[in-house]
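Chemist: For the protein sequence lines, the chains are F and C, in the order given. The first sequence maps to residues -19 to 523 in our numbering. The second sequence maps to residues 99 to 405 in our numbering.
Rather than coming from a laboratory, the hints here were simulated on the basis of the structure. Don't be surprised by glycine CBs; every beta carbon is placed ideally from N, CA and C. You may find that some hints are simply not true.
Using C-beta positions, here's what the derived DEER-type ranges look like [said to hold, decoys possible]:
no., chain 1, residue 1, chain 2, residue 2, range
1, F, K426, C, D260, 51 to 61 Å
2, C, Q166, F, E430, 14 to 24 Å
3, C, H250, F, Y499, 33 to 43 Å
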Amino acid sequence: MAQPDVTKDAEKVFARKATGLIRGLSWKDLFVQNENGLAPTAMVAALYIVVPAFFPGADIVTAYWIILPIALCYAISYGILGSCMPRSGGDYIFGSRVVHPVFGLMGSFMYFNAHFMLLGSLPIFAFRYLLPTPLLVAFPGNAAVQGFVSWIGVNENLAMVATLILFSGAAIPIIGIRYWKIWNWIMFTLGMIGAVIFIGILAFSTHEQFVTGFNNYAAQYGTSYQGIIDLAKANGYVLTPFLLAPTLIAMQYTTLYITTAWPVYIGGEAKEGRRSLAIAIIGSIVLAWVITILSQVLFYRVSPYDFSSALGYLAYQAPTKYPLPYAPEMYVLGNMIFPNPLTTLLVGFSIFIQTVSWLFNMNVLNSRMIFAWAFDRVFPKWFAQLHPKFHTPARALIVVACIGELYLLLAVYSNILTLMINASLLVNLAFIPAGFSCALLPFRRKDIWEKGPAWTRTMIGPIPVATITGLVHGVGLSILALSLILSPVEGATVSGGPISWLSITFVLAIYSGCFIIYYGARAYHLRKEGIDVAWAFKELPPE
Amino acid sequence: MFRLFFVTDIHGSDVCFRKFLKAAEIYKPNALLLCGDLTGKFIVPIIKQPDGTFKARYAGSDLVLAKQDDVVALQRKIADTGSYSYEVDSSEKEKLTTEYSKNMFQEKIRERTLSWLRLAQERLSGKKIEFFISPGNDDEPPIDEVLSNSEHAIYCEEKVVDVGGHEMVTLAWTNPTPWETTRECSDEELGQRVQKLLSGVKHMESCIFNFHCPPYDSGLDSAPEISKDLKAGTEMIPVGSKSIRKAIEEHQPVLGLHGHIHESRGALSIGKTLCINPGSEYGEGILRGAVVNLEKGKVKGYLLTSG
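For reference, chain C alone in the conformation it holds in the complex:
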């Protein structure tokens, strides 16, 4: 029996990543999969004031921090909820501009991802656990270089890799979202990317489709309808990919691992394929995941976890 532990959409949450590594001890998987939307969404400047205090706006509150210890605690909290922070003096106006923050964002993303990869190597070395990693639609391209350069983690984006005797194909791209994220394209183009990727698969029936985008109208892709001004309604609509659904229906792989829609945590079968979206609550520091047992080319059992 081969056991994998799949996690997605942790969006930079430091505590979730550390929990992910801890899961190796608890669930005892043969492979760890951290695939899709690894990086955070916010960066918080912590501004040193002339009187020695620090000011920051975080989680809707204006904070005034008296001591350096408070700053460290806030930085920890910011990191755990998936955001980034940097210290700046109030006199350094140039460090509070759009351009600076944009560069700082990339630097911080790179810095945290590298620290994660180092930590993984440290914690997993000597253990017979494979560690697969790939980006998602929210992750900007520079992250690929960081991930692919890792000595320990197996970068699997747009590749066919072996996972416990199963071929696994991975794709970060999604169909269009209201947020116009970095790796999204039309559903037709997504279908072409999927087909290109699948052309390298030899045994489709035992294959794992690790597609960040969930299949359309599967219940793993229900999200509130969003207006053009990005306001959410109460009507839940399917937002997954029709191309991915079609690929699953046609090829019937053994397992579909998906993410992208945080609130659509669940598992369901499309024909012979078990499709899973473990969901995400990274902002709360909760690690959502899925333990899947594979045996003789089939899914023997699975469990959605929350820790």
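In isolation and in its complexed conformation, chain F is listed as follows:
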């Protein structure tokens, strides 16, 4: 017999014994997951020297300061949306509930496709470049390392290893979210070790030590610190003082690395989702930003902008003239200051591991997106069925892994993905609808907004904070996407592919697909089952 459970303090609530509602992932688990998504070590590696090479006059540190308000508004918007709608599916759930199912699909389907592009192309980058290079730098002349590099250079071997990773990334979350969580923690730890070591090396080094280390290393290849600057100048490099315009354009690429809100795609599995999602997203973005800005500032203190941009120019704009055997990655430069195989390997390995963590997470995110679509019957209900033993969306995970495999084979055996897809653009576009959904939340779905935690209902004057952050997020990313389309940079590898009529057509095809999927599903269910799938999104007014 259920009895009232009366507390000693009469001012407290009297509770009756009854069944409860509890979920699995804590804010720490979600924080770790999102930090893996932000991949700050990989972020530093990708940008500190590449950006000055492609955008003369661009200052990546300034770009990160300018992106900060957009990134914070992005984090708060997703935090608000996740807190008000803590369920799995992310952008689709937010857009479909606040604006329209097609609007929800536009963000979700875009991200879904961006993930496949990355599932296909990242394993190649990870196993052909990110893993072998630190091994070669840490253990020069080692036969086993060179054997591995040759072995992975064979397409079939690469495809086999990448397939193994891809399907492991599906198998682990099929067995249970618990194992996937442990895997995320391992990747987070290994990823952060690299970041800490790199920051430590920079913090305890001087410019003079770096010059000495660089000269000692470069002497083997007949060059020096000053020699690099001279060589770059002889090949067309012009030291450009700081310019705002290229810095703003460079922000397009920083966006890719500072805007990630993975926890909202698994919000339905979050413990205390109304609180934990926001803490995890905002906290991890702030940490990633701090790691990035700290390492960039420390890096330019040790290796000033003129030298870094000259080195980058030779490595990426005039690669035939580049005199060193390895691209100027952070572990390569770190090894010059502190030539220790273990630290070099750990720093290099952390970039590799953070990239691999993307592969493991993207399978899960895509499976939850399909699951959410199927739950609303926008996609076949078959995808919404859980595994009878593990109670995870196994079908969705397997299908996602199979599509990923197709993209992987395309990437290994052809260059079609690199010709038709720009990752920065897809990711930018994917996140825009959520910004506008957040901005409109207090007006279009007041019922949902009012049920959110108190902080999500904060007002600045007569305007809800949700609207302000949502607009900054939505408009900010729209401007960046537009600038990416209008001012693409040829060969800028950090952009993840070219902006071409083919890549723009791909984007338009995705948008068209959203209309076809929703209205096709609606017509089918109405005719075949007498069910209007639009009911799934309909607000029920209480009166």
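Using the hints provided, position chain C relative to the given structure of chain F.
Modeler: Okay, now just chain C, sitting in the frame of chain F:
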């Protein structure tokens, strides 16, 4: 075609009940089913202070309310999240005791349920919509009398009733829970209750099993493992009934309507039987439900809703 709209586990949420009635206009069902765990879990005393203000502890916060309007707004909020409230003067110590709160709980449950039944009658009268209602494992027995006395709603607990030409059997009881709720028993005993109920069914293949407890290991019964001190782990385990699963597997009714495990919203087929748990988010004022279309003794289509 016959359409039903099934909702469960609203646990006293006033706003969810009002949304439930509104669903009749939007989904246009032939039958509304509100079955299982109708009553709330908490009662909040709002204590009037000597200085005229009111104090209450709600949702983890200590609130001080200056005006009567604030009290009314809080009462509304408490009701919408499924809890009950009562006003008391700080000098009335006897109204802050265990015994008093226990009685007040029952009174408030009865009061709200009656108001719901009156509202349903008002809103549904003149419409050709049948309204079925039954308790769940959390609902204490006095509620049965209130429900069964309704003139408009069809009280269907432990009965065989006709729903659009389908026989429907309803059972609030569940297998044991860590909370030792009012209508739970061993799985074996639950099986006996099920068998007794099914003995009255004539056409099993078109029958609807409206069992609050979901079938074991179906994915509709996944809940975090709870320790003896009621702390939740991260491991999700099946907590449904083996007897109910066995009954579904053996008799293969057309439809299984379940609830009980709020976080296990979903639908799946066990053989020929479509089993649905619409889940619950009553605490957020969100009405979870399931629209099911039945035709020629089969499920033509279904949709899980959230409004």
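Chemist: Evaluate each hint against the coordinates.
Modeler: Right, here's what the structure says about each hint:
{"no.": "1", "hint": "F:K426 - C:D260: 51 to 61 Å", "result": "41 Å, violated"}
{"no.": "2", "hint": "C:Q166 - F:E430: 14 to 24 Å", "result": "22 Å, holds"}
{"no.": "3", "hint": "C:H250 - F:Y499: 33 to 43 Å", "result": "39 Å, holds"}
In summary, the one numbered hint that this structure violates is 1.
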